Amino acid sequence: MPLVLPLLLAVVLFCLGVYGVLSRRNAITILMSLELMLNAVNLNLVAFDAWHLDGLATGQTLAVFVITVAAAEIGLGLAIVLLLFRGHGHVDADAARDLVEHEESAT
Amino acid sequence: MTTALFAVAGAVAVAAAVMVVTSRRIVHAALWLVVTLGAVAGCFGALQAEFVALVQILVYVGAIVVLVLFALMLTKAPTNPLPTLTTGRSPFAAAIAVVLALLLGAGVVFAFGNQKIEPVPAGSANAIGTSIFQTWVLPFEILSVLLLAALIGAIALSQRKKED
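Chains as they are written, first to last, in the UniProt record's numbering: chain A, 1 to 107; chain B, 1 to 164.
Any given hint might turn out to be false.
[To be verified] Which bits of chain B does chain A cover? Going by a derived footprint, with three or more residues having C-beta under 8 Å, they are: (1) 14 to 24; (2) 31 to 41; (3) 55 to 68; (4) 85 to 97; (5) 118 to 125; (6) 128 to 142; (7) 151 to 158.
[Said to hold, decoys possible] Computed, partial: chain A to chain B, Cβ under 10 Å: (8) ALA10; (9) GLU35; (10) GLN60; (11) ALA70; (12) GLY75; (13) PHE85; (14) LEU99; (15) VAL100; (16) HIS102.
Keep in mind the hints are simulated off the structure, nothing from the lab. What you are looking at is a predicted structure, and each value in this text was computed from that prediction instead of being measured. All residues carry an ideal CB built from backbone N, CA and C; glycine is no exception.
Model the full structure from these sequences, guided by the hints.
Here is the structure:
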């Protein structure tokens, strides 16, 4: 199998995730696009592990670690989204601008 | 054989990922995410990384997507199509994604264009477990502390204030 096949698949998945993060409005769909990007990274790690073959399974171990970090990230992210929903009644990432800075009010 | 299997699973993953980022219904996007993650697990299987494929199905499809569906229920996500789910800046987002894909793809082809991999069966649970608990045991322990911190953080965030 050519090495570029999994690498190009990972590139396509990562860029679809980038598009989703930039263009979606609902905060939960942004988190779902983030999962796509992490999956693309995992695909790269496993493909390079099958190419390099260092005998330690470095890439596959790191892929398992990334999956664990993704689980922690989605847990915290969804807790923050639920907090946003409880305080504002929506999960619209564009309308959540409590920290916006106004030029004239910054004296 | 594995190349054909990988190509089929990769095509399914890309098609489902397109549906994840373009679907007008949020719940459908979450369900397409299941298809994408399952197809990526198939790709891992074609690369002979069977333990990573099983962990992917267990953690992603079994835990993360269920968590996302629960969050959709708790935030009263509507099930009808929402035309405003994608913002008006999506053409710019698509342009950025296409430019990034061209750059990354050109770099990948330029660097690894004629490399071949022949997957060997080195991804069994036995091999990965030995590797984790011999070579990578310190990152493993740090990761367990990270998980504990994330657990405490999620509990602290979702606790209701006493005064209301």
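Outcome of the hint check:
{"no.": "1", "hint": "14 to 24", "in the structure": "holds (count 5)"}
{"no.": "2", "hint": "31 to 41", "in the structure": "holds (count 4)"}
{"no.": "3", "hint": "55 to 68", "in the structure": "holds (count 8)"}
{"no.": "4", "hint": "85 to 97", "in the structure": "holds (count 10)"}
{"no.": "5", "hint": "118 to 125", "in the structure": "holds (count 5)"}
{"no.": "6", "hint": "128 to 142", "in the structure": "holds (count 7)"}
{"no.": "7", "hint": "151 to 158", "in the structure": "holds (count 5)"}
{"no.": "8", "hint": "ALA10", "in the structure": "holds, 9 Å"}
{"no.": "9", "hint": "GLU35", "in the structure": "holds, 7 Å"}
{"no.": "10", "hint": "GLN60", "in the structure": "holds, 5 Å"}
{"no.": "11", "hint": "ALA70", "in the structure": "holds, 7 Å"}
{"no.": "12", "hint": "GLY75", "in the structure": "holds, 5 Å"}
{"no.": "13", "hint": "PHE85", "in the structure": "holds, 5 Å"}
{"no.": "14", "hint": "LEU99", "in the structure": "violated, 17 Å"}
{"no.": "15", "hint": "VAL100", "in the structure": "violated, 17 Å"}
{"no.": "16", "hint": "HIS102", "in the structure": "violated, 22 Å"}
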